[in-house]
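S.K.: Kindly produce the complete structure, drawing on both the sequences and the hints.
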Amino acid sequence: MIEHQNTIVIIPARMASTRLPGKPLADIHGVPMIVHVWKRAIEANVGQVLVACAEMEIARAIKAHGGDAIVTEPSLASGSDRILAALALRDPERRYRFIVNLQGDLPTVTPLDVQRCLGGLVNETIDISTIAAPITEEADVANPNIVKAIAPLTDEREVAFARDFQRLPGPEFGPRYWHHIGIYAYRRESLERFVKLPQSAREIERRLEQMRALDNGMSIAVVRVDSVPLGVDTPADLEAARQMLKAGRF
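The letter at position 171 of the sequence shown is residue 170 when you use numbering that gives the first Met the number 0, and the numbering goes up by one with no holes.
None of these hints come from the bench; they were simulated from the model.
Cut-off 30 Å, straight-line C-alpha distance, at most; resulting in silico cross-link-like pairs (DSS-like, lysine-lysine):
1) K62 - K38
2) K245 - K38
3) K245 - K62
On a predicted model such as this, the values are computed, not experimentally measured, just so you know.
M.R.: So this is what it looks like as structure tokens:
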């Protein structure tokens with residue numbers, strides 16, 4: 000059973016970013032971006048919240064706002080590796096059975112997004128859960144930077160097994176397409192297995208880490224949500240996030 004005491008949300012964060020260096024500490028109305036994400040995770044109220052940092056300055060920013068942070072090895076290859084390292088350091092007693100991996104560059108993520116992602120693990124056959132929102136613009140279907148979750152979701156069907164994840168799906172996957180949002184919930188054993196697996200050929204080809212799970216027979220639930228939170232990758236994205244948070248539009 001998923002309960003507050005056996006669930007933890009871990010937010011991986013590192014200063015290195017090609018298009019927006021120092022991204023976690025980018026200022027949004029006087030508060031670092033990573034703190035905004037941490038606040039949304041706290042508001043979700045699904046369990047403990049921990050920021051897994053690659054650098055001490057991120058940990059200091061979180062702790063200055065009353066949050067919990069732990070510093071991990073800076074050279075870890077991915078956010079998945081970082082959350083597992085933080086989990087091993089913080090919880091050697093294995094109290095936490097369910098782990099949410101929340102990206103640190105989603106300052107407009109809603110608490111409901113986090114809750115719905117975790118809810119996908121209610122089905123005990125599911126290894127990993129994630130979320131997706133309907134795509135309403137044709138240009139987004141043709142945008143390779145928007146990953147599409149291939150799953151039989153509908154307005155009536157809120158949860159479905161992922162069949163694939165593609166950047167440019169063919170027309171046979173339409174007419175409805177789903178914008179994948181990179182938030183994941185794992186059973187602890189599934190996270191440990193996933194991180195130990197070698198990269199799969201389709202993961203490397205598509206630059207999509209979740210293909211490693213599908214290519215090794217792991218089950219992924221896709222839960223439908225209403226909208227896509229803004230991911231901050233560029234200075235323009237950062238300005239858009241400032242405007243959205245100022246207006247309360249998230």
